[in-house]
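Chemist: Spelled out from the first residue to the last, the chains are:
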Amino acid sequence: MDMAVEMLGAGKRYGAHWVLSRLNVSIRRGDTVAIFGKNGSGKSTFLKMIATLVAPSTGSVLILGHDVRKDKGPIRRRIRMLGHEKQLYDALTARENLRLAGDLLGIPAPERDAKIGHILDRLQISRLADRRIDELSEGTKKRVVLGRLILSQERTDLLLLDEPHPTLDDEGRRILDDLISEWKSQGKTILLSSHDHAQALRHAHRLLIIADGTVGYDGAPK
Amino acid sequence: MNLFFRQTLAIFRKDLAMEVREGHHLVSIVLFGVLLLLLFSFALSVDPELMRRMAPGLLWLAVFFTSILSLSHAFRKETEDGQWDGLLLLGTDPRALYLGKLMTNLALVLLFQAVLLPMMAIFFDQSLPLSLGVSLFLGSLGIATVGTLYAGLTASFREGQLLLPLLLFPMLVPVLLCSVNVTALALAHDLFGQQRAWLKLLILFDTIFLLGSLLFAETLFDRS
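Going line by line, the protein sequences match chains A and B. Residues in the first sequence are numbered from 1 upward in steps of one, following our numbering. Residues in the second sequence are numbered from 1 upward in steps of one, following our numbering.
Among these hints, one or two may not hold up.
[What the hints assert, rightly or not] If you anchor each label on the Cβ, the simulated ranges turn out as follows:
1) 118/A x 115/B: 23 to 31 Å
2) 24/A x 207/B: 31 to 39 Å
3) 14/A x 207/B: 32 to 40 Å
4) 222/A x 22/B: 35 to 43 Å
5) 215/B x 166/A: 37 to 45 Å
6) 138/A x 159/B: 28 to 36 Å
7) 60/A x 22/B: 43 to 51 Å
8) 219/A x 167/B: 47 to 55 Å
[As the list claims (entries may be wrong)] In the BS3-like style, the derived pairs of lysine-lysine whose C-alpha atoms are separated by at most 27 Å in a straight line are:
9) 115/A x 184/A
10) 141/A x 200/B
11) 38/A x 48/A
12) 48/A x 184/A
13) 48/A x 200/B
14) 141/A x 184/A
Treat the hints as calculated values from the structure; they're not laboratory data. Where a beta carbon is used, it is the ideal one built from N, C-alpha and C, also for glycine.
Bound conformation, chain A alone (with noise of 0.2 Å):
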């Protein structure tokens, strides 16, 4: 079977201390998984050692048949992360922000602009894609870091949204599970941490929940 995650044995530790440990986890490739557990469990640590961010201390890592420890480039060119932090420029306007991730991403400029012409639209969020970040609310922050997701997703196989609903507004909640409900439709293998259960499950037909910094509950939801 294709996996998009195999962990075997996997563990995170900060000095003494033991953040993930025994972390046995197989997920298909078009599977869709949310992922629960209590804050601080380690739920952030998990996704972001599968998003090449944080690297296993000990045990094997394989992310779309690659060695989070020796193949980090193959990794990030087919994954994307929706965290905690918004990764976005306030100096920068939120279109040039979408430039930029566009530029790193290799999109030639007249489709890079295109298609930020078309995500901004589809946002909502075009009469103030020349307003600089820090100008924005939360919740259009927030819009501008879908935007650099939607920008790159012809390219990714791997989505890791890291409580991906909070921050948002209605309309912007509607948006995110559009796009949930796009990308599993064409394949795309989505794990999907939140505190909002009802919200996760809707999408996801796995489960995975982090207890103690171990993977406490496998399995379909109940």
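Knowing the structure of chain A, use the given hints to seat chain B on it.
Modeler: Coordinates of chain B only, in the frame set by chain A:
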């Protein structure tokens, strides 16, 4: 265009745009440099001949201190809200990130030179020969090359701003020594042709620092 160079240029353009928009920060640094030169000239004004002889060293000290202020700011905007991770997750090559930052820092050090040099000429009563340009560029490149690497390295430390000059100064001693000598010889119109040997040494240091920094940038700028 090759993706690596496109990423390098994108980082450079982004940083330059942000520096221009936050111009008050640059103005403060430049004013600090000018004030430093002015204070040096006051301190040495009792002996005009000594003041003229000390001018190259004091110019490079002012350039070093203004560069430190600018370098410590260069990576702050990458660590405020996870921007550094964001760049890596968009597939940015850590070496392209380093080179883009290096180009910005070099542009800023040259900007400081462009302001401080005429000030030095006025305060220390010096004429400025054209041959000075080469030494200023090579010295600035040396500062930007090592400075960018160390600024990136210390950016995530809590006391990074204090640590940066402490780590950077010993590394920059060879570059500063060569730059001061080349500048002094250029200001004295290099009557005995000694400038070339110092310039060769400066080029050697710049090349070693650039290649070494590119080699380490892949590991140091990856951060995971």
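Chemist: If a hint holds in the structure, say so; if it doesn't, say that too.
Modeler: To see whether the hints hold, each was checked on the structure:
| no. | hint | verdict |
| --- | --- | --- |
| 1 | 118/A x 115/B: 23 to 31 Å | violated (45 Å) |
| 2 | 24/A x 207/B: 31 to 39 Å | violated (49 Å) |
| 3 | 14/A x 207/B: 32 to 40 Å | holds (39 Å) |
| 4 | 222/A x 22/B: 35 to 43 Å | violated (53 Å) |
| 5 | 215/B x 166/A: 37 to 45 Å | holds (42 Å) |
| 6 | 138/A x 159/B: 28 to 36 Å | holds (31 Å) |
| 7 | 60/A x 22/B: 43 to 51 Å | holds (44 Å) |
| 8 | 219/A x 167/B: 47 to 55 Å | holds (51 Å) |
| 9 | 115/A x 184/A | holds (21 Å) |
| 10 | 141/A x 200/B | violated (51 Å) |
| 11 | 38/A x 48/A | holds (17 Å) |
| 12 | 48/A x 184/A | holds (21 Å) |
| 13 | 48/A x 200/B | violated (47 Å) |
| 14 | 141/A x 184/A | holds (24 Å) |
Hints 1, 2, 4, 10, 13 from the earlier list are contradicted by this structure; the remaining hints agree with it.
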